[in-house]
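This note's numbering puts the first residue of the sequence shown at 3, with every later residue one more than the last.
In short, the hints are calculated from the structure, not lab data.
Every residue, glycine too, gets a C-beta built ideally from N, C-alpha and C.
Mixed in with the good hints there might be a few duds.
Claimed, not checked - What follows is a list of derived Cβ distance ranges for each label pair: (1) S325 - A272: 32 to 40 Å; (2) S305 - R182: 22 to 30 Å; (3) T221 - D24: 36 to 44 Å; (4) Y134 - S166: 18 to 26 Å; (5) E223 - G68: 25 to 33 Å; (6) A113 - G25: 30 to 38 Å; (7) A61 - R182: 33 to 41 Å; (8) D73 - G128: 12 to 20 Å; (9) A132 - S203: 26 to 34 Å; (10) T21 - M94: 39 to 47 Å; (11) P41 - G250: 33 to 41 Å; (12) E299 - G188: 26 to 34 Å; (13) S203 - R339: 24 to 32 Å.
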Amino acid sequence: MTAVAVHLDGLVRRFGDLTALDGLDLHVAPGEMVALLGPSGCGKTTALRLLAGFDYPDAGRVRVAGADITDLPASRRDMGMVFQAYSLFPNMDARTNVEFGLRMRKTPAAARRARAEEVLELVGLGAHAAHYPHQLSGGQQQRVALARALAIEPSVLLLDEPLSALDARVRAQLRGEIRRVQQRLGITTLFVTHDQAEALSIADRVGVMHEGKLEQLGTPEEVYERPATPFVAEFVGTMNRVSARLTGDGHLEVLGASLRASGPHAPHAAGELVDVLVRPEALEALADPHGNATIAERTFLGSFTRMRVKLDDGCELLVDAASRRGLPEPGVRVSVRATGEDALLAGDGAARTGS
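Sequences and hints are given; from them, build the entire structure.
As structure tokens, this is what we get:
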């Protein structure tokens, strides 16, 4: 399988007064998996549909492997698609479901059967080829749907929230399987999801969308650790909104620490009070009878413990600690301080405290 590049250039799509896509530019490298992440209505599924050929843009172009396919129908685009709903034929066993696209392409029966068995083995269902959908679990049915999409050897794999109908354990397992198959085949893939953990764990790069625009495109680490906008900071992970004072040298005084100011909102005069966004793991709360806050609540969450602390000025913050040992109990006075290196200037419409 030869990997191809995908280019979405200046895509605009309107539905009456609603602008679903507002000049979307997205380039996916050959063999790369990009996850489009965002809330419902942000335009991510519209972008996928325009690439698949299920809809057409009002402006902009779609190019795959350098060829302009904007006006081609879906049947001529060589795309493999996996939907949220499994969309399997209930009267066909797994093998016959996988063979369906090949049969539509008039592939000889022997070649169809061999290819179906090959991709079913690839997704771990070789022993279930004769099982019907009602005999398979939800995760197994979605594996069949993935095998069916791969059977035609598409140039691009499109995944539209394929795991959202599954329970958490199966979701985590299957996203790992999808990533394994995608990397083994080296197929260019666009994965649409509203689940941040899913996007961060599966993709080479994550694109965060908001109101039809791409707010940030970067590696999972970049998007999480260096969000480009307050919306990205709020949507990806948990954020606290904290008052800070500008020191005039590109730094901020935040909860007793000097942090670099980051984000698109440029600092103004030294001494000005601003709001910044700080992640819970970039704060610490240490027992101190003369501290600036009180522990209001403490919740054990497995790999970390989350504390809700109330500052003396009435502001509430979330503080995450890697261990539960030695942590102050609810009602104990603490000193809360920032431990990170930078803080994102909130600007207008920023994240809510502890959201």
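Hint by hint, which ones does the structure fall short of? Hints 3, 6, 8 and 12 are the ones this structure does not satisfy, whereas the remaining hints hold.
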